[in-house]
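Chemist: Letter by letter, the chains look like this.
6 protein chains.
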Amino acid sequence: MLNYEIKIFTGRANPILAHEIASYLGLTLGKHTPGNFPDGEISYRIDEDVRGRDVFIVQPTCSPVNETLMELLIMIDAFRRASAARIAVVLPYYGYARQDRKDQGRVPITAKLVADLITKAGASRVLTLDLHAAQIQGFFDIPVDHLMAGPIFVRYLRDQRYRPEDIVFVSPDEGRVKTSVFYQKRLGGELAIVDKRRTSATETKQANLIGASLKDKICFMFDDMISTGGSIVGAVNIAKAAGAKEVHIFATHPILCGQAVEKLRDAPINSIVVTNTIPIPPQKQLPNMKTLSVGPLLGEAIRRLHSNESVSRLFDPL
Amino acid sequence: MLNYEIKIFTGRANPILAHEIASYLGLTLGKHTPGNFPDGEISYRIDEDVRGRDVFIVQPTCSPVNETLMELLIMIDAFRRASAARIAVVLPYYGYARQDRKDQGRVPITAKLVADLITKAGASRVLTLDLHAAQIQGFFDIPVDHLMAGPIFVRYLRDQRYRPEDIVFVSPDEGRVKTSVFYQKRLGGELAIVDKRRTSATETKQANLIGASLKDKICFMFDDMISTGGSIVGAVNIAKAAGAKEVHIFATHPILCGQAVEKLRDAPINSIVVTNTIPIPPQKQLPNMKTLSVGPLLGEAIRRLHSNESVSRLFDPL
Amino acid sequence: MLNYEIKIFTGRANPILAHEIASYLGLTLGKHTPGNFPDGEISYRIDEDVRGRDVFIVQPTCSPVNETLMELLIMIDAFRRASAARIAVVLPYYGYARQDRKDQGRVPITAKLVADLITKAGASRVLTLDLHAAQIQGFFDIPVDHLMAGPIFVRYLRDQRYRPEDIVFVSPDEGRVKTSVFYQKRLGGELAIVDKRRTSATETKQANLIGASLKDKICFMFDDMISTGGSIVGAVNIAKAAGAKEVHIFATHPILCGQAVEKLRDAPINSIVVTNTIPIPPQKQLPNMKTLSVGPLLGEAIRRLHSNESVSRLFDPL
Amino acid sequence: MLNYEIKIFTGRANPILAHEIASYLGLTLGKHTPGNFPDGEISYRIDEDVRGRDVFIVQPTCSPVNETLMELLIMIDAFRRASAARIAVVLPYYGYARQDRKDQGRVPITAKLVADLITKAGASRVLTLDLHAAQIQGFFDIPVDHLMAGPIFVRYLRDQRYRPEDIVFVSPDEGRVKTSVFYQKRLGGELAIVDKRRTSATETKQANLIGASLKDKICFMFDDMISTGGSIVGAVNIAKAAGAKEVHIFATHPILCGQAVEKLRDAPINSIVVTNTIPIPPQKQLPNMKTLSVGPLLGEAIRRLHSNESVSRLFDPL
Amino acid sequence: MLNYEIKIFTGRANPILAHEIASYLGLTLGKHTPGNFPDGEISYRIDEDVRGRDVFIVQPTCSPVNETLMELLIMIDAFRRASAARIAVVLPYYGYARQDRKDQGRVPITAKLVADLITKAGASRVLTLDLHAAQIQGFFDIPVDHLMAGPIFVRYLRDQRYRPEDIVFVSPDEGRVKTSVFYQKRLGGELAIVDKRRTSATETKQANLIGASLKDKICFMFDDMISTGGSIVGAVNIAKAAGAKEVHIFATHPILCGQAVEKLRDAPINSIVVTNTIPIPPQKQLPNMKTLSVGPLLGEAIRRLHSNESVSRLFDPL
Amino acid sequence: MLNYEIKIFTGRANPILAHEIASYLGLTLGKHTPGNFPDGEISYRIDEDVRGRDVFIVQPTCSPVNETLMELLIMIDAFRRASAARIAVVLPYYGYARQDRKDQGRVPITAKLVADLITKAGASRVLTLDLHAAQIQGFFDIPVDHLMAGPIFVRYLRDQRYRPEDIVFVSPDEGRVKTSVFYQKRLGGELAIVDKRRTSATETKQANLIGASLKDKICFMFDDMISTGGSIVGAVNIAKAAGAKEVHIFATHPILCGQAVEKLRDAPINSIVVTNTIPIPPQKQLPNMKTLSVGPLLGEAIRRLHSNESVSRLFDPL
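Sequences listed follow chains A, B, C, D, E and F, in order. Each residue of the first sequence is one higher than the last, beginning at 4 in my numbering. Each residue of the second sequence is one higher than the last, beginning at 4 in my numbering. Each residue of the third sequence is one higher than the last, beginning at 4 in my numbering. Each residue of the fourth sequence is one higher than the last, beginning at 4 in my numbering. Each residue of the fifth sequence is one higher than the last, beginning at 4 in my numbering. Each residue of the sixth sequence is one higher than the last, beginning at 4 in my numbering.
Honestly, I wouldn't trust all of these hints.
Note: identical chains are not told apart, hence a pair may lie in one copy or across any two.
Stated by the list, open to error - With a straight-line cut-off of 25 Å between C-alpha atoms, the simulated DMTMM-like cross-links for lysine to aspartate or glutamate are:
id: 1; residue 1: Lys266; residue 2: Asp176
id: 2; residue 1: Lys34; residue 2: Glu312
id: 3; residue 1: Lys218; residue 2: Glu312
id: 4; residue 1: Lys34; residue 2: Asp106
Just so you know, these hints were derived from the structure itself, not from any lab.
With the hints as constraints, model all of the structure from the sequences given.
Modeler: Pasting the structure below:
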């Protein structure tokens, strides 16, 4: 199977992950000079031949999202004008993914806008991970490969050797029931749902649990991301109030904005398991935080993309 | 506020609904000649002036979906070439909406393909109702107004004057919890979820209920569509087995394919409340079936679109 | 000359022809799962790796045209999203080809719409045969290779060893004169035209013959397709009334809709020679029907497309 | 019916026709400065407000075709950038129309290229007349109104008060039979066809007549254009040799290139009736040449386009 | 002249200028809710009807450029999906304008990328001011109106009543000679050029003056923007060293990044005259700084755009 | 590094240069048949296999620009439809480059229009030389490689072995100062500028020199093109009047239109050094004219493009 030479470049959002991916592939990262002009405009120059090459740009569009997104678009423009054969965008985290529909009148669908901008800039394909809504794949007309971190968490939990009869998968809200079912099917245990409702704006919020009893159980809560942490910490407290022995929380994307770190530190959480799609600066690291790497998963996906092997096998149900 | 003359045309999928919409607006339907050539190809001719007019084409892309969709595309082509000022597509039901993402490798995203085909044919805007996934709005770059039948069902249920303490909203599976919460918030009562899981392919499916007790309760189950009916009838049986006094099911889109009518007739269902987005032929009508019209809702939306008033107020939370 | 691996897939319109093409190339057809959901929506899944492959999809968009066309579009979408390197659409018969212009006001140009839909879905090139109007090539901006069945018919007729002095090529109407001239130039014989005119709507249609005498001659009538058969059978009767000894009719595309088979069976036709661009179900087969295969022609064209050899030589004038 | 102010501008190809059109509409032509820089590049400046206006540009892309076409494209660009509301291109003659398909391998389809260039430059609609092939309408995705000069010729001939029994419509080749039938149906008389064939490259061309006898008849020959005149003059000579009393030739587009004028002058032609889609310079005028104006037809079409009335009625069959 | 209702909205980059523009037009700014989610993503909601309105969005894409640009794109998306009739983008300052070509291999052309992003997001037209390179107009296919602040500076200088014999226009480098000539032609006085060259990398930079003597003269230096100030301050020092009595500097766009304010404060500059295309925060204000408003110019341009009057007269040579 | 077979074709604008380029690459030019139909329309046919090949079309769009540009577009169309893998357009001279912005209201930006036409016709990339404005690169979204003839002129002048102290680089107007600085930096010597101003339309033009004295110096004047020659000859006369010993003029593109040759012959010019981007017919050759070939530069660029090596090194600063 013939093919183009492969090159991996990284934006400035998550260079460590990009290095891990390149290492997996036995490559070094492409040479370039990203920077900023004195007025804050992004400058960029590619410092090696890319003409006719198969280029992968690794850039989660995490905070500061407008900077990382514009840097990505500018890099794509540079590679297109430098005649790269194909430009694949690797988005371990897809910023603005939650703005994926008009839930009220006269708002943008920024997740679609981002897809249009990436396509217009000149990307040939997208490789991404745990999109907030799977339908975002359809926002693109270029091919999208959508990986899932689920198998990484399943493997991690299997390695912990919990007994099924001790564990409950607790969905932190009504929208995450399907995710909890995904893990419960693979790992056994019971299922429960935190039910948050508000009958009117003036009444106080009431929350309660539906499903299995948490009494003396080890609870696992999964979300795709931890943003301000308010929602998950609230659910943790409910679980503890219901008698949970341990609570472990899992999320692919550690956004950790606002007072998230403070809230997480102060909450009765036994462990916080996330991936490295978004880098966590040292001051946001907590002792009970465990980071699993998505580098090998992304690296293997790129290897398969490049050698025209099936990527879909990477996310086949376990 | 200046504007173009408005014209409403209907494809052959649901002319009765189109007539209701036109009546609401005090208009008659546009004159045209849809048909088929002897080999089955669709023929079409517009029989009145449409140059510079603001045209609305009413066509749910319901079964036979490939016929109704192609007829819609051919109509759009004819109106574009006949120099209509703007062409709005009114899709009370959006066919192929469930193919909205790649849930496995190497499948199409037909819902996006349909959006691309409608746009390419020349539509200027889309007006639709209760999309299977709200993200489908983002499959379009032309403006989409997404209406909800929710207020119609709420009004219907309020007219029935149930007592909140008698009712339970039962989500027929994990994916419909949010919808049940929507109604429960507006109408009171309790919440329950039918939990369907399968630990392995060889084990038998087990299903049970999470949440409020159904014992002697009036149960309401909401789905966006009833297709083969298998899923909802299964949930009905579980509810009845759990002691429910009455079970009423609600769905915007009465697809009713396969053995749906037989299954619904034989199930212990007190009433089946649907809308007329999809026409139900007489042989599929059941005595306990109640059809609410979306004609006034769509008509009012068109009136507002045409007079540049806010449509979003139509779907503001109650 | 480097190249991608080739894969042939077939829609459900004419799998036998697709098998013939694949056999010619020493290949087996690609594995996939086409189907329909219970409500009639088309489901589709590719069951082998196609990433980076050169894919040919064989699908005449014959009756039921809206089904076969939508299946084609959905297949293209799936192959594009599965990252096929190039997607060539093989259209042995191009449905809607007769809707190729506005011959009256306010009608669609569906042949152009179809071209736009195929392009938008993601096709890279088109291979087709005996288009109703050669200008349809220009409806595409992607490359189109337009093959002709003419050489197949010429070879067939040469094998019959008719004497030029015995034969007359009879154009069944004014629009087919050029086609008759094409064969007459290559095979000798005389030329005649059936002249159909109607002086007013109320007067009866009069038809007569222009050109060579048909008395005791063997007549050959060529059309690109036989649809309802009315036109060609009318011409056959005129030829017989003019003393023709034998009448043989030829058409690339055996649409055979409406009462075509009955009309053909009852008419004084010696033989009906068609190709297999459209499958003829057993109940439509007539004893005097002869089907010539376009499989080797299409197979050879694909071989040349794939190895970057000239396809145009396949349709050079004999 | 609300509307934008209308403005008519003319390129330099046929300003007299543009003046006739503007006069019909009671307008004067828009002010502008077309020109050429010393190196031959076209310069252009609009000299009055056109922002928000409905602009019609009259420009047959006749010889020198590359100059008139580029001037048209440059004018469209200027009007688009000057924010005209809509830009309609009036193409009384569509240059390159005969390059409308690939009749051999590896040639351009220049008629489609021209359509793409006009669209890309920014035209909103096209108004044209007697296209060489009606399918060219489908080369555009913008609306095309295709007028026919047929009614003008019919009216002219009716005014001449010929007796049907004296006249024969002679098709100058096999491809024009349908056109002859069009006139014969409306005006009576008989039909004949000049049959040109060549059995092999070494044999001399033989031509003869099929159909009605021309003996002592008044013959009318119609073509859409007279280019070098070779073909029509050959047909005239055959008609005369067959005993025709008079021969009159008709063509919408008087291209008159090469030795056309000399050939026409020397041929036994009673009258040459053309339209003014293409201007005929004085030195190409012949005493037996009659020019009918398409100005009122185009003017009326523009009036209807602008007031959103039906244009199709202008070309309804008589 | 019919028209749509006009609405002016402002991004968060320069609301004061937007208010001035709206005031000039007798309007108030449109109601909306711009904001940021906790993770820094931009949120946006339009709070009044805009369907069918003619919307102008005022947003100089000044520092922080990636924030202001993304906010602009998100606003355009929201207005497009809310069915604004037309969306005009008012860019008093065009960020990334200096990245307008590839002056070395493998760099982006970010100014073109920005044009593509604005167009893709859905803008209908652009109104901008003193582009760094006039060719950027050609980066757009939508209409661009390019205003010039030149007349504002000319009027300001005329009001100062300098005597032509006292003044010299000093071009701060070779690239600004044409600008200096523009003002010298309108205001009289002499011309001089600061000539900066470097014969090799190791030699020190030498700078000297070409043209008129500056001895005891009042010097005016014009640039389109003041960025870090290094270049203009260097030129000022050369002018003073050459005996200039006064030095006044002028620039449309006060970027003032890096140590610009410190450098300007410490340099022997009599006055710094800029416009308010970019807001200058209080801490960057200097006593000798004079800000001229472009509000009336932009307001008048919008008025003319909206009423379809000529904008070009606003920038006709004085 | 895998690659496609390369083929070089030439339009009819400059076949000698195309032959030089092909020779450099060890190739012969591709076989084809360009021509004109009798009415002036361009005919074109490719006479060898190009399917899957990497095609380069050499065509400066020099005078007659509309002919050469249309021929280029038609060739691109033919190659695209003949399935060339990639189509690179080699534009040694880019016609209409000076129409690169709206310097007054309501004019076209023809340089952008040309870019859009070339892209729409189907070009994959552009290779060009000394664009009138470097920003034209940004008019394209396809990759553009922009070569510079500067190194060729520098090499030529170094070979002449002038002493730096004898030479002055004279900018013929304010807009060419940067070009003069480019050469002065590389070759030493002094700098001067011809300053042309006009205080009012009625006053006579005054011109004088700014910068170094020309007395007894060898003057070099550089422009990107010589069009009518009026401007450069005026500057030459000023230089001679200022005492210049010799004047040599240099330009990449010898347009030489209008009375250019007469003016150049009669002016006191020692040598005129140009390149062969545009062919100079024998009757325009002057004894003091020296033509440097850009063939090796373009040939080497094509070689690098084809083998995916860096082209940017070809135009790195010396």
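Chemist: It remains to establish, for every hint, whether it holds in the given structure.
Modeler: Status of each hint after checking the structure:
no. : hint               : in the structure
1   : Lys266 with Asp176 : within (18 Å within a copy, 33 Å between copies)
2   : Lys34 with Glu312  : between (27 Å within a copy, 16 Å between copies)
3   : Lys218 with Glu312 : neither (47 Å within a copy, 54 Å between copies)
4   : Lys34 with Asp106  : between (43 Å within a copy, 19 Å between copies)
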